[in-house]
Each structure stands twice: as structure tokens, then as C-alpha cells.
Amino acid sequence: MGLGDKLSNSAEEFKGKAKETAGDASGDEQLEAEGKIDQFKANTKDTVEDLKDKAAEAFNRAADKGEER
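Numbering (the working numbering), first residue to last: 1 to 69.
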């Protein structure tokens with residue numbers, strides 16, 4: 001995952017936490033829920049990117065082993 005992706009996901013997560021906190025403080029359940037959704041989306045993106053990175057690493061290791069033969 002690139003640095004830009006990490007920063008973007010972190011910013012989205014921070015924005016979500018801010019919305020959740022503001023919604024909780026003001027009693028705005030919709031805003032609080034939106035914040036939780038934003039955080040969930042950011043965390044999901046991080047997980048997908050991590051899985052893609054691990055799959056690419058595994059592929060590269062397998063390709064390297066194939067070249068050794």
C-alpha cells in the first residue's frame with residue numbers, strides 16, 4: 001500500500017471519529033452513525049490493501065522460488 005493510500009485512509013478514519021464524537025456530543029445519532037461508517041470504510045480499505053500487499057508478496061516469493069530451479 002502506498003503512503004498516499006495510508007494517509008487518505010487515516011484522514012478518512014480521523015474524519016469519521018470527529019463526526020462520531022460531534023454526533024455523540026450533540027445527540028445527533030445520524031452524524032454519529034455517519035462517523036462510524038466512515039471509520040469502518042477506512043478500516044476496510046486498509047484491510048483490503050494489506051491483503052493485496054500480502055498476496056503480491058506471496059506471488060513474488062513463489063515466482064522467485066520458480067526461478068531458482
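No lab work stands behind these hints, which were simulated from the structure alone.
For each residue, glycine too, the CB sits at the ideal point set by N, CA and C.
Mixed in with the good hints there might be a few duds.
Calculated lysine to any residue pairs in the SDA-like style (CA-CA distance at most 20 Å, straight line) [to be verified]:
hint, residue 1, residue 2
1, 6, 23
2, 45, 28
3, 17, 57
4, 52, 17
5, 41, 64
6, 36, 25
7, 17, 33
8, 54, 9
9, 6, 28
10, 45, 66
11, 36, 54
12, 6, 51
13, 41, 30
14, 17, 51
15, 52, 2
16, 52, 64
17, 6, 54
Simulated DEER-style distance windows between Cβ atoms [what the hints assert, rightly or not]:
hint, residue 1, residue 2, range
18, 56, 30, 50 to 58 Å
19, 24, 55, 17 to 25 Å
20, 65, 37, 37 to 45 Å
21, 51, 10, 14 to 22 Å
22, 50, 18, 20 to 28 Å
23, 7, 57, 38 to 46 Å
Comparing the hints with the structure gives:
1. Taking the CA atoms of residue 6 and residue 23, the gap is about 25 Å. The hint is violated against a cut of 20 Å.
2. Distance restraint check for residue 45 and residue 28: the Cα-Cα separation of roughly 26 Å exceeds the 20 Å cut-off, and the hinted pair is therefore not satisfied.
3. In summary, the hint linking residue 17 to residue 57 is not supported, as the alpha carbons are separated by about 32 Å, beyond the 20 Å threshold.
4. For the hint pairing residue 52 with residue 17, the CA-to-CA distance comes to about 26 Å; that exceeds 20 Å, so the pair is violated.
5. A hinted pair counts as satisfied when its Cα atoms are at most 20 Å apart, and residue 41 with residue 64 does not qualify at roughly 34 Å.
6. For the hint linking residue 36 to residue 25, the alpha-carbon distance of about 14 Å falls within 20 Å, and the restraint holds.
7. The suggested pairing of residue 17 with residue 33 holds, with an alpha-carbon distance near 10 Å, which does not exceed 20 Å.
8. Annotation: proposed proximity of residue 54 to residue 9 holds, straight-line Cα distance about 18 Å (limit 20 Å).
9. Straight-line distance between C-alpha atoms of residue 6 and residue 28 comes to about 29 Å, which puts the hinted pair past the 20 Å bound.
10. Note on residue 45 and residue 66: the hinted pairing is violated, with a Cα-Cα distance of about 31 Å set against a maximum of 20 Å.
11. For a cut-off of 20 Å, the pair hint linking residue 36 to residue 54 is broken: about 27 Å separates their Cα positions.
12. Between residue 6 and residue 51 the alpha-carbon distance is near 14 Å, which keeps this suggested pair within the 20 Å criterion.
13. Restraint check: the Cα-Cα separation between residue 41 and residue 30 comes to about 16 Å, which is no more than 20 Å; the hinted pair holds.
14. Our distance criterion of 20 Å between C-alpha atoms is broken by residue 17 and residue 51, whose separation comes to about 24 Å.
15. Restraint check for residue 52 and residue 2: the C-alpha separation of about 12 Å stays at or below 20 Å, so the hint holds.
16. As the CA atoms of residue 52 and residue 64 are separated by approximately 18 Å, the hinted pair is consistent with the 20 Å bound.
17. For the hint linking residue 6 to residue 54, the alpha-carbon distance of about 16 Å falls within 20 Å, and the restraint holds.
18. Evaluation of the 50 to 58 Å hint for residue 56 and residue 30 yields a failure: the beta carbon distance comes to about 39 Å.
19. Against the hinted window of 17 to 25 Å, the Cβ-Cβ separation of residue 24 and residue 55 comes to about 38 Å, which falls outside the hint.
20. Distance hint check for residue 65 and residue 37: the Cβ-Cβ separation is about 42 Å, which falls inside the suggested range of 37 to 45 Å.
21. Judged by the Cβ atoms, the range 14 to 22 Å given for residue 51 and residue 10 holds: they are separated by roughly 18 Å.
22. As the Cβ distance of residue 50 to residue 18 is approximately 24 Å, the hint placing it in 20 to 28 Å holds.
23. Distance hint check: the CB atoms of residue 7 and residue 57 are about 22 Å apart, inconsistent with the given range 38 to 46 Å.
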